[in-house]
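> For the record, the sequence lines run as chains A and B. Going by the numbering used here, the letters in the first sequence line up with residues 1 to 258, in that order. Going by the numbering used here, the letters in the second sequence line up with residues 259 to 509, in that order.
None of these hints come from the bench; they were simulated from the model. Glycine included, each C-beta is placed from N, C-alpha and C at the ideal position. Please note: incorrect hints may appear among the correct ones.
[Claimed, not checked] In silico BS3-like links for lysine-lysine, alpha-carbon gap of 25 Å or less:
1. B:Lys445 to A:Lys92
2. A:Lys92 to B:Lys273
3. B:Lys445 to B:Lys384
4. A:Lys149 to B:Lys310
5. A:Lys92 to B:Lys331
6. B:Lys331 to A:Lys248
[What the hints assert, rightly or not] Some but not every residue of chain A turned toward chain B, in silico, with C-beta under 7 Å:
7. Asp99
8. Val151
9. Gln153
10. Val156
11. Asp157
12. Ala158
13. Thr161
14. Gly163
15. Gln168
16. Trp253
[Stated by the list, open to error] A few chain B positions that, by computed beta-carbon distances, are all more than 12 Å from chain A:
17. Arg335
18. Val474
19. Arg491
Listed here are the chains, written in short residue letters.
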Amino acid sequence: MDGLKKILSGRFVLGALSIGLVLLIYTIITSRPDNNPALLPPIPDIVASFFTNLAAGTLLDALWASLYRIFLGFFIGTTLAVIIGCLVGWYKTIEYLVDPIIEAIRPIPPLAYIPIIIIWFGIEEFSRVLLISIACFMVCVVNVIAGMKNVPQVYVDAASTMGASRFQVFRTVAVPAATPFIITGYRIALAAAWTTLVAAELIAAPSGLGYMLQEGRRYFLTDQVMMIIVIIGACAFIMDRTFRSIQKRLMIWSETRE
Amino acid sequence: MSEIVVDKLTHTFGKGGLEALTVLENIDLKFEDGSFTSIVGTSGCGKSTLLKMMAGLFDPSDGQMTLDGELIKGTDRRRGMVFQQDAVFPWMTVAKNISYGPRLRGASVTEQREVEAKWTEMVGLKGFEDRWPRELSGGMRKRVDIGRVYANDPDVLLMDEPFGALDAQTKERMQSDLLEAWRQSKKTVIFVTHDLEEAIYLSDKIIVMSARPGRVHHIEEVTLPRPRTDEMRLTDEFIQIKRRLWAMLEH
Ligand SMILES: Nc1ncnc2c1ncn2[C@@H]1O[C@H](COP(=O)(O)OP(=O)(O)O)[C@@H](O)[C@H]1O
Ligand SMILES: [Mg+2]
Chain A
1 MDGLKKILSG RFVLGALSIG LVLLIYTIIT SRPDNNPALL PPIPDIVASF FTNLAAGTLL
61 DALWASLYRI FLGFFIGTTL AVIIGCLVGW YKTIEYLVDP IIEAIRPIPP LAYIPIIIIW
121 FGIEEFSRVL LISIACFMVC VVNVIAGMKN VPQVYVDAAS TMGASRFQVF RTVAVPAATP
181 FIITGYRIAL AAAWTTLVAA ELIAAPSGLG YMLQEGRRYF LTDQVMMIIV IIGACAFIMD
241 RTFRSIQKRL MIWSETRE
Chain B
259 MSEIVVDKLT HTFGKGGLEA LTVLENIDLK FEDGSFTSIV GTSGCGKSTL LKMMAGLFDP
319 SDGQMTLDGE LIKGTDRRRG MVFQQDAVFP WMTVAKNISY GPRLRGASVT EQREVEAKWT
379 EMVGLKGFED RWPRELSGGM RKRVDIGRVY ANDPDVLLMD EPFGALDAQT KERMQSDLLE
439 AWRQSKKTVI FVTHDLEEAI YLSDKIIVMS ARPGRVHHIE EVTLPRPRTD EMRLTDEFIQ
499 IKRRLWAMLE H
């Protein structure tokens, strides 16, 4: 127990140290007399921008707008991915019907849909959520299908010889056996949601973190740009960590948990 | 009543293709109700294939099998199987694995609890009910596997080298436990093994198979009295049977 604590604290200390080092180097560079703060704003400016935007309410508005899109798009995309992926990965008939479509669409980067989505639906909230949903769906569904295809045959055989019907095998064996893959799909989808969100907001949004980035570029508010980058990084990090702890709890039965 | 009859069974993998492989040829066998039969033979002679077909996991390319005169087609809870590989569901606790079969048929929580209590006790895993399979040793997992099949109460028990991966001591204990469970339930047991001593100790009848393609080479009746004891392993009769079977497997 003591040993474990030591390793954990060691890891924590080292992590904090390396981040501290990066911040220190950044501070040294930005405090040189020949530094142009418009390109590399000093840390206090970035912090000041954070508080200014916080006080003005713009930051929370943007954050809320972005998180709303992320959660909605992620939820819709992954839910569809799990339902469709499970069916496609398990039932041969459905696979033969649907898999060619998925395979054809898969290599297309979701951002390529932006123009057509704008043409069809305009620069609306719906368009942005749709784009994130598509991105989440595509990366997640591939994992779910792989999970269903990797269900060990012996589990299926064992369940069948105990009298399980085809649907019972699907529900009580295939889906649980595939959960490690499905959860990985969720995590990759979350990362994809952030990528797509920022891209979508950079191009077409009246609000959100991506919009604030774009605004910062337009008015040359480099400190604001830096601040938003840090916020996005922090949000994505926190969400991924939360996910990991959920994963750990769900995967308690698995030998290969992270 | 639960008697399995195998009638002129032949099986070819990839039939009609370039790499067609006939693994079983013209097998005629009869497994009487309540009997304990072992199947021995070199690895690759088609023992697992035969057992899986009896379970109904796939159909033979020729010939047929019946259970009490009824054609075997598809899986059925009447024919339970313990697989050569580890088949314990890692996402269920020991208890949930044991009560899996009854749960499939909508057993109430109370019924499930009863089954779990009875069979964890029977396979010697009392106190491990809430453990995950990954926390158990290979031998304990095999016990879960066997307990789960028993708890499902099949009429015929197909066992494919269930004790193959266990150490000698665990193996002997599990063999006598199996005989005890069989004595109480009188299921028809078909037991595949490559361990001759195990086959003799357990069985009424031993089927010796030859390889490529798998055929029935010899059927040995074991007349050692029951209940079997560990001392019998050292008797002349036991050793003679072992020597005879051993010579057959050499060729
Ligand atoms: N699904 C399959 N497709 C093709 N060949 C198979 C398949 N399953 C088993 N075989 C082959 O059939 C032969 C018998 O296998 P098996 O029944 O597992 O033997 P045993 O259990 O006696 O060791 C082996 O040569 C094996 O390679
Ligand atoms: Mg085998």
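> When the structure is checked against the list of hints, which entries are broken? Sort them ascending.
1, 6, 7, 8, 9, 10, 17
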